[in-house]
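The lines below spell out each chain.
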Amino acid sequence: MNYSLKKSGLQTFLKTLTKKFQVIVPALNDSGIATFQEFEGQEIYLGNERLSSPKKFFRPSKEKIFSFSSKGASASVKPVFDKTKRLIFGIRPCDTHALNALDELFIRYYGDDQFYSARRKNTLLIALQCTEACENGFCQSLGTSQAVGADLVLIERGNEFFVRPETERGKSLLGKKLFRQTSDAEPSPKISCNLSLETQNIAGNLYKNFKSPVWKQEAERCLSCTSCTQVCPTCYCYITDDEFEFGSSTESSRFRFLDSCQLLRFTKVAGNHVFRESRAARLRQFVLHKLSYYFENHGIQLCVGCGRCISVCPTKISLVEIANKIQKQALEAGK
Amino acid sequence: MITPEKPELAEILEVKQETHDTKTFTARFVDEKRQKKFFFVPGKFMMVTVFGFGEIPISISSSPYKTGSMDFTVVNVGNVTNAMHSLKKGDKLGLRGPFGNGFPMQKFRKKNILFVSGGCGIAPLRSAIYAAREKKGEFGRTELMFGCKSPENILFNKEIRKWGEQGISVHKTVDKPSPKWSGNIGVVTSLFKNSKLPPENTVVLLCGPPTMIHFALIELRKKGFKDNQMFASLERMMQCGVGYCSHCNIGNKYACIDGPIFNAADLKELPVREE
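From first to last, the protein sequence lines are chains A and B. Numbering of the first sequence is given in the numbering used here, commencing with residue 6 and proceeding in unit increments. Numbering of the second sequence is given in the numbering used here, commencing with residue 23 and proceeding in unit increments.
Because the hints were derived from the structure by calculation, they are not lab data. Certain hints may be false.
The calculated DSS-like cross-link candidates involving lysine-lysine, where the alpha carbons are at most 25 Å apart (straight line), are [claimed, not checked]:
1) B:K290 <-> A:K273
2) A:K182 <-> A:K12
3) B:K28 <-> A:K61
The shape of chain B in the complex, shown without the other chains:
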């Protein structure tokens, strides 16, 4: 019998400091058979336990084609993430999952992909970007619009440069520039004018803070994107991942089992912003 809430032991293989408050943890199940059977679709998430401190939902930020381990990119913002940041190579985690629906990558074949991300929302999109890069021939052109608080907060800088060299058109913006910053200043929607992808044959993948997603969808609609072309990953509080705890309830849907990826057409029907 399966106990859906039982965490399985995993080992941290590597910890990488990304920015002053963000680290990427590479981990794998201690049970080799479990790790071999493990696969996921970009956009899915794991429930990660830091023993003694609690459990939180974290999306997988590594390529689905990278078997043998998985990455979690984690900002130090709460109790559990704070405890997680003190962990080192060789330390144990508890893992459950993967949960959620993930991005329907199959549907995106032969289409251009526009990635829109705010802050650490880049984490699940990184997984999708790697998936799109791996099967380059299957997708059209790709663009990334990436907004961050300040230049110091930009995650995956080196990787992003590499993606740019490999043909992904990357546009970055910050809210608060540093003296050295010569790029765009403003929210992520201010980058949309740079997009060269024709709305007819393009899908949009979004992940970021709720306010960003709300306004990005409005601006994208103005540019001619239809709701059924846009897929947003929603953030909600979660305690179980299996539809029990009801914290991620949005209307009669649950972000953990019906999401976290929602089509913009479905979002219109749901009380995403509850005034």
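Only chain A is shown next, with the shape it has when bound in the complex:
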């Protein structure tokens, strides 16, 4: 059974949820940029600008994972888990696919990354289906335009939301006062992405063209500013570092920091040898990790077609353009 929720009831709905959860919503910040922030009654942003993803609630840029104590003989190592009961409202379909891709590595593949899975288990997702195309999205090329793994899926329809519960957990959120049962057919907004990615054999073709001149041409204007990896909803690479607790030489903590493959230090080893010294090599690493390596290891693309890396690039480097150029060469050569 599906439901409907009046848009005017959204604030009340979210307010009741704050009793049980830390509620996260998209809202405009002081600079007029939509970000995911804690709900305190502010106006919910339902618009089209989606530069920020809720990645920080699953892979924060800085995350404490252990605390160490070495007082005398009683040295100890304690893991630190974020078990905050959280609810994210307004996550877009591409970002639900981003979480699905990360689940593959951090939950299903090698073993359980408990710092990640603690956050995943304790977070509910209310997805908001897109009703119009965003600036540089190409989710339709990658099949990520419908939400996956959300607890509720909401679709805007005039002055209300059409609500499709996906899990029991999601169903339990639906209060009788605000939600009305409906037997209406699910609205299917017609949208057409602004960009399109040629995906035929893309993982193999990009890797086979490792030495294509395209990488160097495109990387010539790359600034290694790391904007692309910061906004990417799936960029998860991290470094770890220890810090002493303030004023203590026996208590310290281990942190994870999100890292960026666009930086020289990413591949620097003892003796200052750097494996990816050129910008072309680093840009290629970003594109191949997104569209080739991850797919070959996990059978799922790490790129979800949100197009944020394109929107944010100060020199207008486009992952879609690079991939399509190489695809064109590869597909023509294969004919």
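The hints should help you fit chain B onto chain A, whose structure is shown.
Leaving out everything else, chain B in the frame of chain A:
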């Protein structure tokens, strides 16, 4: 449940100054049961934590048959190694592992082994050399080609002399000789002419700086070694050891879970040198 990133406490049993910038640390898990269950194959590495300073990958340099403890041979080159060098007997470390694939020693039975090493690349090879010595009858003849910056940088001098007495043919070379040095001068590939091992029935184990491995493989191919006979240990930046952090990514492989030992035939397919 296991938290793959949780270090376990270990105690330093001994610290040995090898050269002016290199020390060998002998350590064991504080938990005796953990130490009893601990075994490894030469070429595998541990993630070593110096609490408050960070964690780095270090290969185990001791014999896999020496149970009860393990050795790490560490050059003082970075923040964590610098902090590690200040540790003394009785101090605590954090350990995780062993990680990586290690050298496939089983496959080397009845074969001659040529060890090619540059600088502190001798550390994981030392483990393999001890393994080969322990089961002497199972392997053929062994040779070690060892290149270092200068005579003062040559690690394990005493042990190497002993290995020589025990039948391992040892050849050393340095880039910058001291006035006393009477041995070979030049890069490690300049020693290959001394090898008496027939390429047909010999495997090569390499560990050293990336440039050394690159040129050593080229020269060994010229001598008639086939790619499937050569195994190189690759160095990469690592933060996790379990395929999460992606720093050791080479093509669609990870040095921490698919390596760090790669067969030269596999290396040909991977973008090891990314221009």
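Taking the hints in turn, this is what the structure says about them:
1. B:K290 <-> A:K273: The hint holds at about 22 Å.
2. A:K182 <-> A:K12: Answer holds: A:K182 to A:K12 is near 14 Å, not above 25 Å.
3. B:K28 <-> A:K61: 22 Å, holds
Every hint from the earlier list agrees with this structure, and none is contradicted.
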